[in-house]
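Just so we're aligned: 2 in full-length UniProt numbering is position 2 of the sequence shown, and the numbers increase by one with no gaps anywhere.
Hints are supplied without guarantee of correctness; some may be wrong.
Label pairs and their calculated CB-CB ranges [what the hints assert, rightly or not]:
| no. | residue 1 | residue 2 | range |
| --- | --- | --- | --- |
| 1 | R49 | R115 | 17 to 27 Å |
| 2 | V146 | P66 | 27 to 37 Å |
| 3 | R68 | G100 | 36 to 46 Å |
| 4 | L121 | A53 | 18 to 28 Å |
| 5 | R115 | N74 | 25 to 35 Å |
| 6 | G85 | A63 | 42 to 52 Å |
| 7 | E120 | R144 | 20 to 30 Å |
| 8 | N74 | T95 | 14 to 24 Å |
| 9 | G85 | E136 | 17 to 27 Å |
| 10 | G100 | Q70 | 17 to 27 Å |
| 11 | K132 | Y65 | 21 to 31 Å |
| 12 | P52 | R115 | 33 to 43 Å |
| 13 | R147 | G75 | 13 to 23 Å |
Simulated from the structure, these hints should not be mistaken for laboratory data. Beta carbons: idealized from backbone N, C-alpha and C, even for Gly.
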Amino acid sequence: MKGLTTVVGAGALVLAIGACGQTSTRTTTQPGSEPGANGIAASGQGSLRDVPAAQVDTSRLPAGYPARVQLDDNGAVLTVQGQEGGCEHSRAQLTAQDPGEVHVVLVRDLTDTNRVCTKELRLTQLTVQLDKPLAERKVVLEERTVRS
């Protein structure tokens, strides 16, 4: 019986460790964007392309925060990376866009911290719909923490 308990415990540990490195994808729609039938903002078909690092301002992000920014084929859906895990969730908010810059706030939402939370960290892809293609505009990223 003791051997069976060890095998079951080892199997549960393997499953838990395997889930830690997974990346999730979440779409965040913005007011004024036109979501599809499923409530998710429509994006162009095909692959994403990286926005050049010189076009991304990361000076308002914490040190070490992932700063990968990508565009869909049409150039109007911006995909950024967020961090989440345990009791933390992330979302992207498009806060401003003008002819020179697009401002995106990566919101770190600490939910219900009155319970036991794991400390794993996952990268998640978050999207925002731009009013027009990014073109040469600069992307300004900022991180904000909120408690709900």
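So, going through the hints one by one against the coordinates:
The hinted range of 17 to 27 Å is not satisfied by R49 and R115, whose Cβ atoms lie roughly 40 Å apart. For V146 and P66, the hinted distance range of 27 to 37 Å is not satisfied, since their beta carbons lie about 19 Å from each other. For R68 and G100, the Cβ-Cβ distance of about 22 Å falls outside the hinted range of 36 to 46 Å, so the restraint is violated. Roughly 23 Å separates the CB atoms of L121 and A53, a value that falls within the hinted 18 to 28 Å.
Distance hint check: the CB atoms of R115 and N74 are about 42 Å apart, inconsistent with the given range 25 to 35 Å. For the pair G85 and A63, the supplied restraint of 42 to 52 Å is violated, since their beta-carbon distance comes to about 18 Å. Checked against the hint of 20 to 30 Å, the C-beta distance between E120 and R144 comes to roughly 22 Å, which is consistent with it. With their beta carbons about 22 Å apart, N74 and T95 fall inside the hinted range of 14 to 24 Å.
Checked against the hint of 17 to 27 Å, the C-beta distance between G85 and E136 comes to roughly 35 Å, which is inconsistent with it. Take G100 and Q70: their Cβ atoms lie about 20 Å apart, and the range 17 to 27 Å holds. For the pair K132 and Y65, the supplied restraint of 21 to 31 Å holds, since their beta-carbon distance comes to about 27 Å. A beta carbon spacing of about 42 Å between P52 and R115 agrees with the range 33 to 43 Å that was offered as a hint.
The supplied range of 13 to 23 Å is broken by R147 and G75, whose beta-carbon atoms lie about 35 Å from each other.
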